[in-house]
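Chemist: Sequence:
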Amino acid sequence: MRTEDSADVGQGAVLVTGGTGGIGAEICRSFAAAGHDVAFTYRSRVEAAEQLAVELRGLGVVSRGDALDLSDHEATARWVSSVCEQFDEVRIVVHAAGPHIPMIHLSGVSPAQFGAAVDGETKAFFNLVSAVLPELRRTTGSVVAVTTAATTRYPVRDGLSAGPKAAVESLVRAFAAEEGRFGVRFNSVGPGMLVDGMADRLISSGDLDEHALEVTKRNIPLRRFGNARDIAEAVLFLASDRAGFISGQKLDVDGGYGV
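Residue numbers for the sequence shown, in the working numbering: 13 to 271.
Treat the hints as calculated values from the structure; they're not laboratory data. Hints may be right or wrong, so weigh each one.
[Unchecked claim] Quick list of the computed label-pair ranges, beta carbon to beta carbon:
| # | residue 1 | residue 2 | range |
| --- | --- | --- | --- |
| 1 | 112 | 59 | 40 to 50 angstroms |
| 2 | 124 | 84 | 11 to 21 angstroms |
| 3 | 150 | 241 | 26 to 36 angstroms |
| 4 | 207 | 261 | 22 to 32 angstroms |
| 5 | 194 | 112 | 31 to 41 angstroms |
| 6 | 207 | 67 | 15 to 25 angstroms |
| 7 | 221 | 150 | 42 to 52 angstroms |
| 8 | 256 | 93 | 40 to 50 angstroms |
| 9 | 56 | 126 | 20 to 30 angstroms |
Here the structure is a predicted model, which means the values were calculated and not measured. Built from N, CA and C at the ideal position, the CB exists for glycine as well.
Assemble the whole structure, with the sequences as input and the hints as a guide.
Modeler: As structure tokens, this is what we get:
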């Protein structure tokens with residue numbers, strides 16, 4: 013299915029990692045609403061994945077959701093190959109996957125914890141891009157990585173998340189510099205504090221209490237938190253032909269936190 017609005021984001025299927033997360037699910041819905049077939053990954057939330065796939069199909073598109081450990085490069089390559097066989101063109105890849113990261117001072121982070129975060133963030137992104145790059149060269153596609161606004165303005169106790177995501181942003185710039193000759197674009201979106209997604213998990217887990225939330229809100233010029241839809245809109249724009257001359261950039265969606 014292809015709607016008039018989908019012309020802005022080009023034809024072809026969309027791959028979304030982390031589809032069952034608050035941000036990932038909203039990104040899937042947004043692309044499906046624009047008429048794009050969607051293949052998404054998830055780590056363990058089978059029921060949520062099944063519900064999302066049904067919801068997307070209800071919008072008139074083809075959708076599939078698959079459990080995948082992105083830190084496994086062979087499994088990632090097999091999944092990408094399977095998706096590319098199913099869909100005629102894969103033109104957009106959105107990396108929105110990421111493990112839950114507790115807020116903790118770096119002095120309290122063990123090497124094993126940091127290594128796991130790098131595997132779940134940086135290695136996962138590289139494995140995905142490495143596998144899908146031939147298809148993106150063929151279709152002159154676009155990649156958007158969902159990272160964090162914390163790499164622009166660092167909040168204390170967020171190093172375990174911001175460090176590996178900063179490496180993802182460096183890879184985005186590097187791939188943009190090298191793959192532009194094939195017409196492939198790479199950009200990233202940096203979410204600030206949201207009422208859903210990772211921030212919601214931090215609030216629910218108690219990593220952020222009411223006092224911390226108020227302090228955080230006062231540090232945001234707009235004096236409020238964002239939501240997953242704000243992130244999805246930014247992703248759709250950077251993936252679209254409207255952003256056809258934008259590559260290697262990061263767009264923070266943070267209510268002005270980084271200024």
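Chemist: Look at the Cβ atoms of residue 256 and residue 93 and judge whether their distance stays inside 40 to 50 angstroms.
Modeler: Taking Cβ atoms as reference, residue 256 and residue 93 lie about 28 angstroms apart, which means the hint is violated.
Chemist: Falls inside 20 to 30 angstroms, the C-beta gap from residue 56 to residue 126?
Modeler: holds (22 angstroms)
Chemist: Looking only at beta-carbon atoms, does the pair residue 207, residue 261 fall within the given range of 22 to 32 angstroms?
Modeler: Cβ of residue 207 to Cβ of residue 261: about 26 angstroms, so the range 22 to 32 angstroms holds.
Chemist: Starting from the range 26 to 36 angstroms, see whether the pair residue 150 and residue 241 falls in it by beta-carbon distance.
Modeler: Given range 26 to 36 angstroms: holds, Cβ gap about 31 angstroms.
Chemist: Look at the Cβ atoms of residue 207 and residue 67 and judge whether their distance stays inside 15 to 25 angstroms.
Modeler: holds (20 angstroms)
Chemist: Is 42 to 52 angstroms a correct range for the gap between the Cβ atoms of residue 221 and residue 150?
Modeler: Since residue 221 and residue 150 have Cβ atoms about 50 angstroms apart, the given range 42 to 52 angstroms holds.
Chemist: Range first: 31 to 41 angstroms. Now tell me if the beta carbons of residue 194 and residue 112 are that far apart.
Modeler: Given range 31 to 41 angstroms: holds, Cβ gap about 35 angstroms.
Chemist: At the C-beta level, are residue 124 and residue 84 separated by a distance inside 11 to 21 angstroms?
Modeler: Holds, at about 18 angstroms.
Chemist: Range hint 40 to 50 angstroms: satisfied by the CB atoms of residue 112 and residue 59?
Modeler: Given range 40 to 50 angstroms: violated, Cβ gap about 18 angstroms.
Hints 1 and 8, counting from the list given before, are not met by this structure.
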